[in-house]
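S.K.: For what it's worth, full-length UniProt numbering labels the leading residue of the sequence shown as 1, then goes sequentially.
Source of the hints: derived by calculation from the structure; they are not laboratory data.
Hints may be right or wrong, so weigh each one.
Mimicking EDC-like on lysine to aspartate or glutamate, the simulated pairs with C-alpha atoms at most 16 Å apart in a straight line are [as the list claims (entries may be wrong)]: (1) 786 x 878; (2) 786 x 871; (3) 246 x 269; (4) 631 x 680; (5) 931 x 877; (6) 657 x 680; (7) 10 x 112; (8) 925 x 905; (9) 932 x 878; (10) 765 x 821; (11) 667 x 712; (12) 893 x 871; (13) 104 x 122.
Using C-beta positions, here's what the derived DEER-type ranges look like [what the hints assert, rightly or not]: (14) 220 x 187: 27 to 33 Å; (15) 187 x 132: 52 to 58 Å; (16) 248 x 695: 41 to 47 Å.
As the structure is a prediction and not an experimental result, all values here were calculated from the model.
The beta carbon of each residue, even a glycine, is placed where N, CA and C say it ideally should be.
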Amino acid sequence: MFYNHQEIEKKWQQYWKDNETFKSQQPTANSQQPKYYVLDMFPYPSGAGLHVGHPLGYIASDIYARYKRHQGFNVLHPIGYDSFGLPAEQYAIQTGQHPAITTKDNIARYEDQLRKIGFSFDWSREIRTSDASYYKWTQWIFIQLFHSWYNNETNKAEDIETLIQHFEQFGTENLRAAQTEELSFSSEEWKNASEEDKQDILLNYRLAFRAETTVNWCPALGTVLANDEVINGKSERGGYPVYQKKMMQWSMRITAYSERLLEGLDKLDWSDAVKDSQRNWIGKSVGASVHFKVQNTEDDIEVFTTRPDTIFGVSFLTLAPEHELVMKIVSEEQKAEVEAYIEETSKRSERERMADVKTISGVFTGAYAIHPFSGENIPIWIGDYVLAGYGTGAVMAVPAGDDRDYAFAKHFNIPIKNIFDQDISEKAFTEKGNFKLENSDFLNGLAYKEATERVLSELEKLGIGKKKITYRQRDAIFSRQRYWGEPVPIYYKNGLPYTLPISALPLELPEVEKYLPTEDGDPPLGNAKDYAWDEVEQKIVSTDLIDNQTVFPLELSTMPGWAGSSWYWLRYMDAHNPDEFVSKESVDYWQGVDLYIGGSEHATGHLLYSRFWNKFLKDKGYISQEEPFQKMINQGMILGMSAFVFRIDGTNQLVSKNLAGNYTTQKIPVDISLIKGNDELDVERLRNWRPEFKNAEFILEDGKYLCEREVEKMSKSKYNVVNPDDICEEYGADCLRLYEMFLGPLEQSKPWNTQGLSGVYGFLKKFYNLYFDGDTFSVSDEEPTKEEYKVLHTLIKKVVYDIEHFSFNTSVSSFMIAVNDLQKLKCNKRAILEPLAVIISPYAPHICEELWQLLGNTTTIEYVKFPELNEAYLVEDEIEYPVSFNGKMRFKKTYPADMLPKDIEIAIMQEESVLEQLKGASPKKIIVVPKKIINIVV
């Protein structure tokens, strides 16, 4: 029978849409059905649409979601779009088209592609972060963060009113709070402070706060960029220069949660690689804070060290170029050189500076610090390997105990102080203990632990140091000088921020004439005409009315891309609730996400921010789960096969790959659709592909132009993407789904090869035709044979194990084996073919729905109970034994499975084929390994 995949798939996709087949049941007070929440990482709807690498994780999650429905679970498997972002805004700047229009068009294309692949999403819960009905609640969460502080005593976030009460009663006495800087004042001083001073003090403690921060500033884009949006000192979008700049920015006090974020990792079923990434990012260090007084000034430099025991080995101090004291302490002789170095450093991102362990650069400030114990003068340098935002922005350099300090000292000929009882060499840095100090017995003879305790004790006595725990993680910058993002619900009175009332939400994104910064350098929202807050009338009014008496300016920055994605899984639970971000009934039923599938590239961004917001919302009593994603699997990438041509430098000549070594050439990627078989380039199609190749001259080999091929990440810039629409058209969505799973283990990256689809398509045709006799649907109600039952239940056992262990590739192999075996047995029994369709349906749902209907069923296959394993069908009645003579297998013999070894020994000696092999000789020994082998030793 002809397998018409196009007709079948369109039919069932329309059926699922019309009947809302995959709609989750909204919980009620009496809900008894067990739940399972399967989530895919939030997609951004780019204008390029999906390529075949994108659906890999979605297919895996879809298989699991369908399997759980077959098991009787109420499955929540939602979809939505992380629809704010820089690409849509840049397109708007270039074309003048509103980002909302392009975003809507991109989403429509994404939805069409996703539906074509047959994903079982609950489309009724679709959310878009750029919809005001969604970002109303993102703004609401921001307001909750603004009005909260972190109490280190209770180890949780609390309402800011409890902090105010503490100030009124005790001032800062006995206050243990997460804060930007340590403040000290009495209750009387608090009570006597002005309203402006009080608000300014509270910003030091709020979980959403404004402060001066070093940021990645891109003048060409007119916005701050996240670290992952900067590559080699340039913006990922557009390749524009990015500079380090201090700006007043909104931030989130994620550092308050550092310890809880670390501890929580131990309870998560995530890969070790992702958990290690988060641990390294958070970067917990136990050590000491030490203050070094700057010579001839009232200033001191605070450093953090994990090795206070090495303080006598300090040979110099290094400050971050951005450190606030640099320009204050620099000598006149060094000023010009220091300023030039700071300017040069500003062009490098912090990520580059952290990653660069080979380059040694720095400048002497001309200033000196005073050693807290010895009183010696210590030169103060600046170096870009020290970052202002990490620790204190200053390090005490001990070349005898640290390889980077050693390299720095050697490079700049700085004298090295040796405090260890050993010679200093490039390979002898970290000896612990065995101190040997000249003119002092303060640490001599002490081991590492005792030396550390003695130094800490002395520092505390002198009031210049104390034990301290620090984290590498910094507070997350929350401002973006962009248009296409969530407006921040803040207005300014006397220069201080106040939140809009909840009743004013959502603060909607206003219309603007252009999406660029204003002439005064304000963010694009500064172009809005109606964007001011009337405190009396409680409404948005014209900016012309701002008088700073009753009408005040609104915040002009927008939220970053990660704002809406830091809580989206919660909104899916109750997607259209107008009164709450999620109801208690919904969150109590769905709890957290049971299975999360997505890329590991989000380990230190989205996943950390999501955990932070989730913990905060739990602290405030809005949800009950400490962690959002209990189990997470990171899918690998599907890699593309790129094609390259070689252009001879300074010419328009293209030389075939095996001749390219004779010339100096430039390697240029070309569209893979231009390649024939065996890496041969279609020269005429290349000429028509892009104008630059129209008049190119080709140097061929054996009359052909051969391209170089490379396996790498699919990318538009490499012209190696494969459109899933084309695959679905030619081979079908079921074939695409099976093939992507068949390529290899889910977590591994693997190359795409379109030619491999034909084998999977052949399997689907064979599977489909099991149910037909020629062109006639033919399924018998006859009782299956034991052999047929064995094939079915072998498959059930294997597939259940594979799905529950996410080994989807081996399931596809098992389908092929089972269908081949049933075809050989000419099986057309209903008792075999009905459950077979159910087993394969999570992987290839369209064809299985069609066969299920042909079998006479009137409802969808989606909720049919998954076939149960009956081990009895797998018990062997007979065992086929390989028979070996002196270890060499000659033939096979079959005996009953329950036959005893001693009886097999007797029976084997009666076999004519054995007697022929022995040729009258008597065996020395007969070895029978039950159910395995018979070996006759002659």
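S.K.: Please go over all the hints and tell whether each is borne out by the structure.
M.R.: Hints versus structure:
1. The hinted pair formed by residue 786 and residue 878 meets the criterion: a straight-line CA distance of about 12 Å does not exceed 16 Å.
2. The hinted pair formed by residue 786 and residue 871 meets the criterion: a straight-line CA distance of about 12 Å does not exceed 16 Å.
3. For the given pair, residue 246 sits about 39 Å from residue 269 by alpha-carbon distance, which is inconsistent with the 16 Å threshold.
4. Restraint check for residue 631 and residue 680: not satisfied, since their Cα atoms lie roughly 46 Å apart, outside the 16 Å limit.
5. Taking the CA atoms of residue 931 and residue 877, the gap is near 11 Å; set against the 16 Å cutoff, the hint holds.
6. Among the hinted pairs, residue 657 with residue 680 is consistent with the structure: their alpha-carbon atoms are about 10 Å apart, no more than 16 Å.
7. Between residue 10 and residue 112, the direct Cα distance comes to roughly 12 Å. Compliance with the 16 Å bound is thereby established for this hinted pair.
8. Between the alpha carbons of residue 925 and residue 905 the distance comes to roughly 10 Å, so the proposed pair stays at or under 16 Å and holds.
9. Using a Cα cut-off of 16 Å, the hinted pair residue 932 and residue 878 holds, with the two alpha carbons roughly 12 Å apart.
10. With a CA separation close to 15 Å, the supplied pair residue 765 and residue 821 stays within the 16 Å bound.
11. The hinted pair formed by residue 667 and residue 712 meets the criterion: a straight-line CA distance of about 15 Å does not exceed 16 Å.
12. Simply put, residue 893 and residue 871 have alpha-carbon atoms about 25 Å apart, too far for the 16 Å limit, and the pair is violated.
13. Annotation: proposed proximity of residue 104 to residue 122 is violated, straight-line Cα distance about 19 Å (limit 16 Å).
14. In this structure the hint that residue 220 and residue 187 lie 27 to 33 Å apart at CB is violated, the actual value being about 50 Å.
15. Checking the proposed 52 to 58 Å range against residue 187 and residue 132 shows it is violated: the Cβ atoms sit about 43 Å from each other.
16. In this structure the hint that residue 248 and residue 695 lie 41 to 47 Å apart at CB is violated, the actual value being about 55 Å.
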